[in-house]
Amino acid sequence: GCSTDEDAAGNESAGQENEAVEVVTITAQAPSPETTRVDNLVRAAEMLNEELEKEGQNIRIEVETQMFEGSWEDYYRQFMLAFQSGKEPDIYVASHANTGWLADGGYIQPLDELKESEAYADVYPVLWDAVTYKGHVWGAIQDTEARPVFYNKNILREMGWSEEEIESLPEKVKNGEFTLDDLLRVAEEAVSSGAAKYGILHRPVNGPDFQVMLYNFGGQLYDPEENKIVFDKEAVLKQLSFFHEIAQKNLIPEGLLSMEWSNIHSMVVNGEVLFYFGGIWNIYNWGQDDFHKELGKVDPEWVMENFGMMLYPAAEEGGQPITLSHPFAYFVSSNAEHKDLIIRLLEHVIHPDLQTIHNVETYHLPVTESAAEHPDYKANITLGDIAYMTEYTTFLPNHEGYEPYSNAVFKAIEAVQLGRQTPEEALEALEVQLKNDLRDQLTILE
Amino acid sequence: MEKTHRFSLYLRKWGLPAFMLSPFMILVTVFYFLPVILIVVLSFTSMGSAMRWDFVGFQNYRFLFEDPNLPTILTNTLIYVSFTLGINVLFGLTLALLTTYFIQKESIGLFFRTIWMLPRMSPPVVYVLLWLWFFDPSSYGVLNSIRELMGLPPTMWLVNQPMTAVILANGLIGASFGMIIFSAAIKSIPQDLFKAAKVDGAGHWSIIKDIILPALRWPIMFVTIWQLLSLLTSYEYILLLTNGGPGFDSTVLALYSYHKAFQFFEFGYGAAVSVVLVAVAIVLTVMLWKLFGMQKIERGARID
Amino acid sequence: MDISYRGEVRSQVSFPKALKWKKRMPYIVAYGVLFITTLPVILMYLWLLLNSFSSQMKYGFIPVNFTLDNWRFLWTNVEIAGSVYPSIWLATWNSLVFAGVLTILEVIIGVMAGFALSRLRFPGRHGLLKITLILHAFPSIALLIAVFYILNFLGLFDTLWGVVLVKTALQIPLTAWIIKGFFDDVPWDVEWAGLIDGCNRFKVWYSIILPLVKPGIAAVCIFSFLSGWSEFLLLYTFIISDSNITLATYLQKLLSDPNLVPYGLLTAVSVFYMLPVIVFFILTQKSLMHMHAGGGKGV
Amino acid sequence: MRIELRNVSKRFDKADVIENLNMVIEDGEFVALLGPSGCGKSTTLLMLAGIYKPTKGDILFDGQIVNEVEPKDRKIGMLFQSYALYPHMTVLENIMFPLKQMKVPKKERVERAKEAAALVKLDHLLDRLPSELSGGQQQRVALARAVVKEPKLLLLDEPLSNLDARLKIEMREEIKRIQQELGITTVMVTHDQEEALTMADRVAIMKDGELVQYSKPLDLYHHPKNYFVAHFIGSPPMNFLKGQLSVQNDQLQFAGEGTKINLGRCLKEFNVRDGQSVYLGVRPHDLKLGKKGQISLTGVVNLTEPLGHTTLVNVTVGNSLFRFFSDKKFVAGLRGEVEISFDRHALHLFDASSGESLSKRHLADEEAEEASENIIPM
Amino acid sequence: MRIELRNVSKRFDKADVIENLNMVIEDGEFVALLGPSGCGKSTTLLMLAGIYKPTKGDILFDGQIVNEVEPKDRKIGMLFQSYALYPHMTVLENIMFPLKQMKVPKKERVERAKEAAALVKLDHLLDRLPSELSGGQQQRVALARAVVKEPKLLLLDEPLSNLDARLKIEMREEIKRIQQELGITTVMVTHDQEEALTMADRVAIMKDGELVQYSKPLDLYHHPKNYFVAHFIGSPPMNFLKGQLSVQNDQLQFAGEGTKINLGRCLKEFNVRDGQSVYLGVRPHDLKLGKKGQISLTGVVNLTEPLGHTTLVNVTVGNSLFRFFSDKKFVAGLRGEVEISFDRHALHLFDASSGESLSKRHLADEEAEEASENIIPM
Ligand SMILES: Nc1ncnc2c1ncn2[C@@H]1O[C@H](COP(=O)(O)OP(=O)(O)OP(=O)(O)O)[C@@H](O)[C@H]1O
Ligand SMILES: Nc1ncnc2c1ncn2[C@@H]1O[C@H](COP(=O)(O)OP(=O)(O)OP(=O)(O)O)[C@@H](O)[C@H]1O
Ligand SMILES: [Mg+2]
Ligand SMILES: [Mg+2]
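Taken in order, these protein sequences are the chains called A, B, C, D and E. 1 is the number of the first residue of the first sequence in the numbering used here; add one for each residue after it. 1 is the number of the first residue of the second sequence in the numbering used here; add one for each residue after it. 1 is the number of the first residue of the third sequence in the numbering used here; add one for each residue after it. 1 is the number of the first residue of the fourth sequence in the numbering used here; add one for each residue after it. 1 is the number of the first residue of the fifth sequence in the numbering used here; add one for each residue after it.
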């Protein structure tokens with residue numbers, strides 16, 4: 001019960017003497033390096049405490065934060081073990097892709113309330129999918145990012161593109177006027193004309209980007225009805241063929257899949273590549289080390305002068321361009337008490353101000369429309385113009401079986417790029433592999 | 001009286017060994033032996049990310065033996081272990097001989113030994129990064145930069161020879177293990193013996209073969225078996241260097257176990273792979289044991 | 001030429017002219033082999049070192065733009081992507097403490113066990129030797145899960161002691177085995193003499209035999225220290241609450257987002273990371289290379 | 001400390017080394033262990049020290065079985081045949097070590113160790129490591145270490161073998177002096193018979209792990225229990241002839257290969273029977289040129305070695321080589337025949353198959369022996 | 001092989017061990033190295049073996065400087081004072097090792113090694129490891145290993161110190177036989193003077209790293225170069241008196257502490273001057289009871305030790321102890337005065353400060369010496 005009288009009388013100290021304030025400690029853990037993910041929880045707690053105070057409740061929240069340094073696997077494993085011994089954090093920050101096993105293992109509790117919550121009302125609808133599993137919402141979406149295609153403006157200029165053509169490329173892509181075939185064609189041209197050393201560059205190690213192409217070719221990865229990973233043979237074949245083709249045409253450097261990240265960055269920054277399937281955070285990367293042969297570290301202004309960012313062009317004329325993101329979410333341990341308080345905390349943490357702090361500092365995209373409109377965000381030279389990408393975004397399945405799936409596909413891509421297998425052969429081998437790895441978690445779509 | 005006497009005798013016979021061994025035994029039993037038993041039990045469950053002990057009999061083993069990649073992985077394991085072991089032991093021995101026997105000047109020996117310790121001292125990630133940077137197939141790879149300067153085409157060494165790379169990278173690290181132990185053991189040989197051998201007409205080769213190697217029998221056997229087991233169970237550098245690829249070209253059993261257990265969180269399956277690994281290891285160890293005439297090296301205490 | 005009673009012709013001893021060369025040949029070859037094989041490693045690490053002091057490598061191997069920027073972690077707390085890294089000195093101190101404690105524990109327990117395995121008489125000695133060796137065949141990663149259950153049962157999960165004990169246990173067979181080999185080589189007569197002079201076997205062990213296996217102890221120290229220094233997996237599997245950052249985790253932090261690796265900093269930190277171990281290694285050398293001088297006839 | 005060995009046996013993996021050793025060493029006694037190389041002397045010492053446990057039998061110190069007593073509790077000092085110096089300790093530290101174990105205060109410890117070092121003439125090398133010493137110096141360090149703690153039982157395994165003659169004599173005297181001053185029971189293994197016979201109160205002769213004879217030095221010389229001892233002790237060794245005995249009216253006749261000797265009326269003194277196969281033995285020092293002795297024989301001169309004050313003559317008697325000392329002025333043509341003789345008390349007879357002495361003279365009689373016998377000519 | 005050491009010096013970190021050693025060992029010669037413990041004998045051997053390099057000076061084999069020649073190319077066999085057996089090889093393998101290095105075919109190797117083992121009476125222990133042998137057995141393995149390759153130069157560092165008297169004599173003979181049959185140049189370190197004097201062609205006496213005298217055994221005995229050698233060689237040692245010389249009408253007078261001796265007309269034989277401080281020396285064996293000798297002196301009897309065939313008499317002459325051998329029948333009351341004498345050729349005079357012998361008799365003369373001197377009474 002709360003006594004407005006007391007509050008009105010401003011007799012705070014007396015009230016506290018009568019009823020000691022109970023402090024609830026909520027623990028939260030996130031992986032390095034983005035501390036803002038948990039720091040925002042602390043800020044949200046302050047907001048909540050104010051609110052509680054106003055409400056006159058004798059309860060306050062304290063958020064204890066903790067960062068984890070290590071690989072993803074280590075992070076997950078630690079959580080599992082911590083949970084077993086009752087030492088897990090109340091709020092566990094992880095990528096949405098973990099929803100499946102966290103839910104299945106009984107590690108987390110559903111947060112369906114959030115969907116009704118006002119604070120979450122303007123979340124981009126598509127993002128809810130990322131944290132929905134078996135019909136429930138399991139996590140509070142925290143951030144998302146953009147994986148754009150970078151294009152080198154200088155190379156296009158050298159190829160005779162006009163300034164206007166160059167600047168309008170993202171728009172054309174967005175409208176489906178510039179397709180994947182166009183991209184291949186331009187890349188080929190760039191290489192043959194000598195304007196670029198390579199037409200295309202993609203990541204050298206396994207990662208979500210490879211599945212963009214699958215979605216782009218209309219493929220499907222997950223069947224929520226049956227809760228199974230889908231092996232969409234037709235789309236996968238197209239996906240493999242695409243990666244086969246760019247290798248065959250020498251659009252990508254030989255041995256790309258065994259290269260080291262820093263060298264990828266060097267190639268991009270030094271203007272050797274026309275199209276780079278990257279991530280928005282790369283801009284930050286390029287300011288960290290002297291990748292550029294003459295300039296050394298390059299700042300975002302320089303990047304924006306020399307590079308443009310666009311969606312992945314649609315596979316067909318008029319089709320929908322695409323991108324993929326890997327949103328993070330706050331998960332709540334199923335052992336956590338004070339769920340109500342936690343929910344209220346999560347409602348505060350999505351506040352546009354807090355989001356913006358995180359987004360600007362760590363190159364992430366907002367998850368709500370209001371945050372996308374935040375002035376600080378809009379003012380950011382790199383982020384301001386790409387918020388739209390969230391609308392075109394897709395996600396990986398949040399099913400546990402995706403990990404082995406993506407591994408197997410990556411190996412298949414490796415095989416076709418190295419010319420060891422044709423896409424068809426690779427597809428066949430992939431099927432065998434997937435059946436072995438996923439067994440009853442797999443449905444095959446002929 | 002008689003009883004207390006018996007007791008004190010008993011204490012004397014067992015007291016010291018018990019005292020000297022108990023910390024060791026307790027630690028090993030609790031944190032090594034018991035876990036091993038648990039692992040074996042675990043291999044009969046389908047424990048996954050939910051960490052539930054659901055017993056499934058031999059299912060994991062069945063899956064393992066049905067795995068289409070098993071032959072490749074086993075072959076890889078064999079190649080990886082035998083070649084790396086060869087490098088570890090032989091090269092380690094060579095280094096030890098070179099830096100302690102041939103190079104008598106302490107500071108020079110120390111210099112070279114330190115250099116060879118560097119791979120082991122560097123953080124694995126960084127060590128692997130060095131390899132990746134040097135052998136990167138792009139023109140930014142250090143070797144390729146040099147080749148480019150000399151007008152040579154870039155190499156794709158890591159792609160074409162993933163196993164060689166894995167073996168070499170691991171071999172260099174393992175060699176320092178042998179190097180240190182052998183060096184210390186060589187230095188423990190009484191100087192008198194070298195003198196006597198020289199007088200008896202022994203050249204360098206003979207001193208190495210007849211004096212040093214026999215004296216190193218124990219360390220060599222130990223390093224060989226130990227490294228064999230280490231290699232069988234090692235995956236860290238492979239994981240970082242090639243992650244087993246391309247394809248399964250450089251995947252070994254241990255890495256596979258790691259992938260299963262900690263990437264895909266199939267703990268039960270991973271445990272089963274480990275158990276198979278251990279079975280292989282035991283067979284190989286016993287073979288090596290026989291090969292080295294272990295029983296013969298072992299001699300009893302000379303105090304009654 | 002004279003004829004020996006065996007009837008074979010004995011030639012006069014003659015000493016080759018190119019004597020010095022012939023004598024030096026093996027050494028020249030030795031130095032040659034060593035230099036050639038070592039060169040790549042030297043270059044690799046030289047490259048790493050130069051890289052840490054320059055912002056770029058021209059042609060991949062010629063350092064340009066000397067900078068101390070990569071080493072800024074020495075005097076400031078580095079900030080990357082909005083997260084401020086803790087002081088490297090704190091991390092170094094923590095690493096030193098962890099590696100130090102581990103080394104001490106391991107050496108003491110291992111040397112005790114090695115002695116028993118080598119020089120004491122008790123049934124089952126041989127079996128024990130074999131079993132401890134075979135245990136090593138279990139991949140420690142596979143053991144993690146099992147060890148977790150044990151630690152959890154003992155209430156040692158999420159404690160530093162738990163990790164130290166586990167780490168020691170995992171390393172101890174190695175230590176015991178290495179050191180056993182060295183104990184085997186100690187002549188028995190010195191131990192006898194010690195007994196006669198009024199020591200019990202325990203005392204003989206530490207006042208007479210231990211000094212004689214210095215090289216072995218040095219070797220063991222190096223390996224324990226190294227493994228403690230680089231320990232990461234156990235610390236981060238079994239300790240949740242503890243935020244004591246070590247150098248290994250500092251490095252891991254730098255690498256935690258594969259997309260956001262500050263390479264220059266990484267090279268500098270890794271050079272820094274290696275320095276204490278190199279120093280430790282060099283310090284142990286005197287013991288490691290301790291010549292067995294002997295005294296008496298040794299049996 | 002009184003030491004007793006009762007039926008002590010020791011076997012190693014590959015060999016039985018000591019068999020049924022019975023022996024008593026009285027308190028304060030100085031016993032020398034003599035025997036061929038490899039006969040088990042060092043093993044016996046190591047058992048006394050408690051390093052090896054007897055496989056069978058008991059060892060008693062002052063009447064108490066000490067089989068299970070630790071070496072450290074036995075109050076012994078020992079010099080090992082291999083020295084067994086602590087390689088990592090300096091000379092001083094080596095010598096001080098036993099004192100340290102006795103918790104002697106530091107200052108006294110250093111003092112006593114230095115004293116002991118001075119005793120063995122190593123006071124100038126106190127800071128050296130064993131590896132920087134010569135063999136003899138090492139041996140002396142070992143000696144100093146063994147005596148410094150003034151043990152109740154001192155075990156010395158060839159303590160002086162690597163010392164020069166001068167030093168050896170001095171060290172002998174020092175050992176003897178300390179031993180007597182402190183009444184230390186001492187067992188010393190040595191290969192130097194002179195050392196054994198002059199230093200020891202009793203001498204134990206071992207052979208193949210068995211105690212062959214254990215008696216006072218003079219007895220050993222004059223009353224060897226068997227052929228082995230007779231042969232082993234004395235330099236030059238006793239002269240032997242193999243042959244058959246026959247008894248002819250109270251007179252004992254000896255017929256060897258190519259020679260016949262009338263031994264006279266000595267049946268009372270020997271346990272012999274007619275036709276017995278025996279070794280006849282006479283010490284070179286007991287042989288005299290001419291027929292002055294009670295028993296005489298003839299030999300052919302082989303070689304004369306003038307030794308200044310006397311001449312060693314090698315003659316062939318029957319098929320055997322005999323040596324004796326003659327006057328300095330002795331000159332004989334080579335191959336010339338000479339008559340030599342000896343007194344009956346100098347005659348030794350040993351059974352040819354068992355090697356046992358056939359003499360009836362008992363050890364108990366020794367006190368009664370003439371003074372002239374109380375010397376050992378070396 | 002002819003060995004020559006030219007100005008050889010050796011210094012270790014802590015000490016100069018050998019100083020300016022000059023020495024020639026003829027081809028096939030057997031040289032014994034004698035000297036007090038720690039004087040540098042082993043170091044010298046190790047330099048000959050090539051294990052240590054001389055700090056200064058050259059070592060020549062057959063006229064060639066071999067300083068830089070590796071031990072393995074020197075064709076040497078060596079027995080180390082510490083044996084240095086290979087602990088992981090059996091007895092047979094140990095002995096075979098040098099042969100293996102010479103690439104002797106396997107079969108012959110085994111044969112020859114077995115022969116050598118038989119020589120040292122170890123043929124029954126071929127499969128043992130060194131740690132399973134007794135000290136003497138180890139030493140014999142080392143001996144077998146040293147001789148088995150029939151080296152050009154055999155270096156023996158106290159090869160027989162741990163063997164019993166019987167075996168020692170046999171081994172001596174074997175070594176000598178092999179050495180002579182094969183004409184092996186041999187250098188042996190020993191502390192047994194008898195061994196040195198009877199086995200060696202020449203004996204080198206070392207002291208504190210310097211060669212003091214290097215001559216035939218007899219010379220050593222009869223013509224010691226200085227006080228040290230005179231004192232060091234011979235058992236019992238030479239008797240000495242310290243005193244002043246004075247020349248009185250061609251006659252040399254000696255005045256020691258509490259005694260005066262007329263040395264007679266021996267000025268020709270000694271390089272002396274009036275008033276010189278000297279040691280006068282006479283060997284016990286040269287002293288005779290009574291006045292029969294050319295020079296006589298008076299002593300007070302201290303002690304008589306009957307030695308069976310002779311009696312050792314200790315008398316005090318002046319302040320010094322004199323020992324001499326008298327007839328077996330000698331009886332003198334203790335404290336009784338006796339007259340003893342010796343011949344002039346038995347007189348030794350040494351300068352008291354330098355210790356040098358003052359005798360004019362040169363080594364070159366030795367051939368001319370009387371036969372009666374050609375013996376060494378031990
Ligand atoms: N490494 C060393 N450092 C310093 N001094 C040494 C070293 N080795 C030997 N010495 C000294 O050199 C001297 C000669 O030693 P060496 O072994 O040649 O004597 P040795 O004549 O053989 O004596 P012994 O008869 O006792 O064996 C000794 O005084 C010894 O202390
Ligand atoms: N560990 C062992 N295993 C087998 N036999 C051994 C072992 N140790 C010693 N022996 C044997 O025991 C016998 C006695 O050895 P011990 O050392 O007592 O001889 P010793 O009398 O001291 O001889 P030495 O005079 O040569 O030193 C020897 O024949 C030896 O070969
Ligand atoms: Mg012995
Ligand atoms: Mg010596």
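Quick caveat, the hints were computed from the structure, so don't treat them as lab data. Do not take every clue at face value.
[Unchecked claim] Pairs of lysine to aspartate or glutamate, EDC-like flavour, derived with a Cα cap of 16 Å:
#1 K87(A) <-> D69(C)
#2 K168(E) <-> E194(D)
#3 K22(C) <-> E93(E)
[Claimed, not checked] Listed next, with one range per pair, are the computed distances between beta-carbon atoms:
#4 L160(C) <-> E234(A): 17 to 23 Å
#5 D201(E) <-> K360(D): 47 to 53 Å
#6 G32(C) <-> M287(B): 35 to 41 Å
#7 D201(E) <-> E210(D): 40 to 46 Å
#8 I26(B) <-> V110(D): 50 to 56 Å
#9 S353(E) <-> V69(D): 56 to 62 Å
Every value quoted in this text rests on a predicted model; they were computed, and no experiment measured them. Every residue, glycine too, gets a C-beta built ideally from N, C-alpha and C.
Cross-check of the supplied hints:
1. At roughly 40 Å between alpha-carbon atoms, K87(A) and D69(C) are farther apart than 16 Å, so this suggested pair is violated.
2. Distance restraint check for K168(E) and E194(D): the Cα-Cα separation of roughly 14 Å lies within the 16 Å cut-off, and the hinted pair is therefore satisfied.
3. About 29 Å separates the Cα atoms of K22(C) and E93(E), which puts this hinted pair outside 16 Å; it is violated.
4. At roughly 55 Å, the beta-carbon separation of L160(C) and E234(A) lies outside the given 17 to 23 Å, and the hint is violated.
5. Range check, D201(E) to K360(D): Cβ separation about 50 Å, and the 47 to 53 Å hint holds.
6. Evaluation of the 35 to 41 Å hint for G32(C) and M287(B) yields a pass: the beta carbon distance comes to about 36 Å.
7. Remark: the range hint 40 to 46 Å for D201(E) to E210(D) is upheld by a beta-carbon distance near 42 Å.
8. Between I26(B) and V110(D) the beta carbons are some 42 Å apart, a value that contradicts the proposed interval 50 to 56 Å.
9. As the Cβ distance of S353(E) to V69(D) is approximately 58 Å, the hint placing it in 56 to 62 Å holds.
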